[in-house]
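Colleague: The primary structure of each chain is shown beneath.
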Amino acid sequence: MKMTLRLLSAALLPLLAAHALAADSARNARLDDQTQLPKAPTRPVGQTYFQPPAEADIPNNAFGELVRRGQDLFMNTKALAPQYVGNEMNCVNCHIDRGRKANSAPLWAAYTMYPAYRKKNNKVNSFVERMQGCFQFSMNGKPPAADSEVMTALTAYAYWMSTGVPIGKAQPGRGFDEPPPPKGGYDIARGKAVYGKQCALCHGDDGAGKKVGATSVFPPLWGKDSYNWGAGMHRINTAAGFIQHNMPLGRGRTLSDQEAWDVAAYVNSHERPQDPRLVNGDIDEARKRYHADDGVNLYGVVVDGRKLGQGVQ
Amino acid sequence: MSLSPTRSLAFCLSASLLALPLQVGAADGEAIIQQGGANPAAMPCMSCHGADGKGMAAGGFPRLAGLPEAYIAKQLADFKAGRRENPLMQPIAQALGDAEVAAVAKAYAAKPKVNVKAGPVERPKEGSGAWLALRGAWDRHIPECTLCHGPSGVGVGDAFPPLAGQSAEYIEAQLRAWRGTPAQPAGKKTKAVAAVAPTRSNDPNGLMRHIAADLSEAEIKAVAAYFAGLGESTEPFDESQHRLR
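In order, the protein sequence lines correspond to chains A and B. First residue of the first sequence? That's 779 in the numbering used here, and the numbers climb one at a time after it. First residue of the second sequence? That's 29 in the numbering used here, and the numbers climb one at a time after it.
These are computed hints drawn from the structure, not numbers from a lab. Where a beta carbon is used, it is the ideal one built from N, C-alpha and C, also for glycine. Some hints could be false.
[Claimed, not checked] In silico lysine-lysine, DSS-like type, Cα no more than 30 Å apart, as pairs: (1) A:Lys879 with A:Lys970; (2) B:Lys153 with A:Lys879; (3) B:Lys145 with A:Lys988; (4) A:Lys988 with B:Lys141; (5) A:Lys975 with B:Lys102; (6) A:Lys988 with B:Lys249; (7) A:Lys1002 with B:Lys249; (8) B:Lys219 with B:Lys249; (9) B:Lys134 with A:Lys989; (10) B:Lys145 with A:Lys989; (11) A:Lys879 with A:Lys947; (12) B:Lys102 with A:Lys970; (13) B:Lys139 with A:Lys988; (14) B:Lys153 with A:Lys975; (15) A:Lys988 with B:Lys134; (16) B:Lys141 with B:Lys108; (17) A:Lys989 with B:Lys216; (18) B:Lys249 with A:Lys879; (19) A:Lys989 with B:Lys249; (20) A:Lys975 with B:Lys216; (21) A:Lys975 with B:Lys141; (22) A:Lys989 with B:Lys219; (23) B:Lys141 with A:Lys989; (24) B:Lys145 with B:Lys102; (25) A:Lys1085 with A:Lys920; (26) A:Lys988 with B:Lys219; (27) A:Lys989 with B:Lys102.
[To be verified] Far from chain B, some chain A residues (derived; all Cβ distances over 10 Å): (28) Pro893; (29) Tyr895; (30) Pro1054.
Bound conformation, chain B alone (with noise of 0.2 Å):
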């Protein structure tokens, strides 16, 4: 076993950072956030996802606030390695380091999670948005989406990222990522537009790409919209609270 120079580094300054716990180093996730990384290319990441970290819909940034650890990490991996293609953020994750990856990543997990209001049993419209998060298609081997991302969309452990807390319009894009949009033939007045692949591959277990190939344009937008407006409690995650399906 060898240490990569970056990786003695991380293990060096981690352990200074031990000992003296006020002192600021390449690694601080908070420093990453606010003032970009070492390489110049890796832009302050509030700039686009926002002072709180709760994303900027009209870009289309999400929100990385309260997000898991390992999600975020492994998004950022995934960005570097092309399994999540984004032509802004691929080059930002290119240009941190890995200790950068592991500190942003931890920085914004600590920062509060999305917490929606738990409330009585909801009762979707067959066709709506909320029927297709709450109840799935299940002829076409689409589950409900809130038995992967949790009662609510608020998110299940480190491979199911809140949905809740996110913009209609990110959520919409990562569909269409995971999705790509079918060739259409061209039609009377119309060109034939080409096939565009998906964008986005990095599902565990090849679990979402199946569910965004078979959603339509229509269901990608109500569904995108559902869980933008469920809105955000301003109470605390409580975590022996039921949250009824």
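So that you can see chain A by itself, here it is in the shape it has in the complex (with noise of 0.2 Å):
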């Protein structure tokens, strides 16, 4: 009987360790970011981006009490659901006007984008997992499960905004815009001074934002509180694309494009929480598996004598 059993496991263990590798590349499989779905098309000249429907039109239902619910998590995400959100970010702060303003990555032009196979992991990728990573990563937390209350109201929420968006047909508007990397690549040095003279006032010197009370009001751009090295923010590409539409808040649109980028350079030259998917513990391992072909990031790098990545709790 014992022989028995040993040979069974013998037989068993390479199957079970198969099983495993394969439970291990589901796990990844929501870990990469959305740089695999082709580029958004450039607004046409003289067209509007998509407008989504109006906060009025949000039916006084079940299915409406669900999209409200929804946009409360969206703009109060570690208020409201503390156990998925491991840093101080709250989905708004990447998403401007409740995930609504084009080139601030909207709702409206992911959700339809869904299921998108992605290059990276090999797989299939619902809108849901597609979230699920901005709890793992911008978030520095543990996603919610797909069928939980927390996902289906974001679910919902996405839904109804994208009320009137044809299936599969890249909006404009989608993502960040990136700019065009600049000729003389970016400058860490000179972002410094772009994010004194017009970050530093909401961020602080020392990138930890600002909060009331214990509600985060301004994020923190860098350090534990902040996204981890796995976001799709650590890219520089995409964060120059984010703060040149939207930063400084109210007045996006008014750096140029070499100030974009080396600011964006500036705040993710900072440590900020590990990317959860460190390989054995090896930066550059992790560097050669998820960041070397991942747009243009720091992690792995050598800055000013310091090997980034380290990570921060």
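Fit chain to chain and form the complex, with the hints in mind.
Modeller: Right under this line is the structure:
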């Protein structure tokens, strides 16, 4: 009997290992960014961006209640779903105007593009999986289950906001419409000067942001309470797009391509929470596997004599 | 590096204040609030800003109690420099010495900060003052007021003062000061009115002026009424509490 068991487990072990690998890759499947989606088209001259429905149009029924709950969560993620948020970020920090603003990764442009295949994890990702990535990376937390009330409410909100957008038709205004990399490259020192002049007022010289009571008002841009090294925003190109279109608040489109890249590089040259995909505690390995081919980023890169990607807790 | 005579005096005074905590010097903030500054033109602050520092709505005199020290000091410096124009306040600011400005800012900052009781998520009606305060008008690049001035407008850091606790009169006046008044062409029965230039230009990084410039008169009134209507909670500000947006 013992022998049989031993034989059986010997036979099963490789199978189990293979299963564990498969489970691992299924987990990793959620972990990537969305750069694999084809680039959103630019807005044709004279045309406006898609206009999502008005808040007053949310119906007064069970569905409408869920949509409103989704909007509440979107704006108050940390306060209303603290078990899933590991830092001081809320959805609305990167998705300005409650996820409605063009070039601030609006929900109406994202929702209808999923499910989508992503080359990097060789898997088709649902919209829910995409949002789980936000929780894991941008909010450095624990993703809510796909069938959880939080996810259902956020999905309902995104679905409602996309009313009238053709399924699968890439919309101008999706993502952050990144400016092209400057010819002479970016410069962190120059970015620091831009930061001091334009950003420090709200986000602080230490990048820690500002709170009122327990509530984050100006989000932290680096350090333990900011997005982690796996978040899309850690890419300089992505942050440059967000910054140029949306920052300083209410005065978007005032920084040049160069300034946007420089200041994005400065922000993203600081330590932040570790990439949860860290491979065997090895930054170089994690860089090779997840960062080397992921836009322009400084993970695992030596800046000022220090290798970035150490993580902070 | 050289200290100006006033600075040296202030240094000596504060040094002696450290040694003798009960000694009342020229830079006693509370004394300036109640009796005025060394220069008689620096009238007692409380004659307009109220005995409790909560302002006087009827005259449009703002609340100063609990405002950030750095914010008050900056406003006084801006009045002196003309970045904030006001026929009443400018001569008073000019009559205050640097040490007096610092002392009065400190004294007001030490008074109770405005608190608005944290409540459930508000659902504003489009086009209302609450809508502008909580949703903004992003099609005109106008962020919701609370995005910078904090949930319930309780203020954030040194640069974004509380809007809660201020009167509608004061908020309206400030929005108009940033905006100025556009010129009015002559109508059939009315004469042309010349444009009035903005009288306030001391917003850091120019964050406020374009917002005010894009607001209509009706919007200014509505949003000012919203913040004035928030009232003030008698409970002290709870730093451990979340405030919903």
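Colleague: Could you run down the list of hints and mark each one as holding or not?
Modeller: To see whether the hints hold, each was checked on the structure:
no. : hint                    : verdict
1   : A:Lys879 with A:Lys970  : holds, 27 Å
2   : B:Lys153 with A:Lys879  : holds, 19 Å
3   : B:Lys145 with A:Lys988  : holds, 20 Å
4   : A:Lys988 with B:Lys141  : holds, 17 Å
5   : A:Lys975 with B:Lys102  : holds, 17 Å
6   : A:Lys988 with B:Lys249  : holds, 29 Å
7   : A:Lys1002 with B:Lys249 : violated, 42 Å
8   : B:Lys219 with B:Lys249  : holds, 25 Å
9   : B:Lys134 with A:Lys989  : holds, 22 Å
10  : B:Lys145 with A:Lys989  : holds, 17 Å
11  : A:Lys879 with A:Lys947  : holds, 18 Å
12  : B:Lys102 with A:Lys970  : holds, 25 Å
13  : B:Lys139 with A:Lys988  : holds, 22 Å
14  : B:Lys153 with A:Lys975  : violated, 36 Å
15  : A:Lys988 with B:Lys134  : holds, 21 Å
16  : B:Lys141 with B:Lys108  : holds, 25 Å
17  : A:Lys989 with B:Lys216  : violated, 53 Å
18  : B:Lys249 with A:Lys879  : holds, 26 Å
19  : A:Lys989 with B:Lys249  : holds, 28 Å
20  : A:Lys975 with B:Lys216  : violated, 49 Å
21  : A:Lys975 with B:Lys141  : holds, 29 Å
22  : A:Lys989 with B:Lys219  : violated, 50 Å
23  : B:Lys141 with A:Lys989  : holds, 15 Å
24  : B:Lys145 with B:Lys102  : holds, 28 Å
25  : A:Lys1085 with A:Lys920 : holds, 27 Å
26  : A:Lys988 with B:Lys219  : violated, 49 Å
27  : A:Lys989 with B:Lys102  : holds, 21 Å
28  : Pro893                  : holds, 29 Å
29  : Tyr895                  : holds, 32 Å
30  : Pro1054                 : holds, 25 Å
Of the numbered hints stated above, those contradicted by the structure are hints 7, 14, 17, 20, 22 and 26, listed in ascending order.
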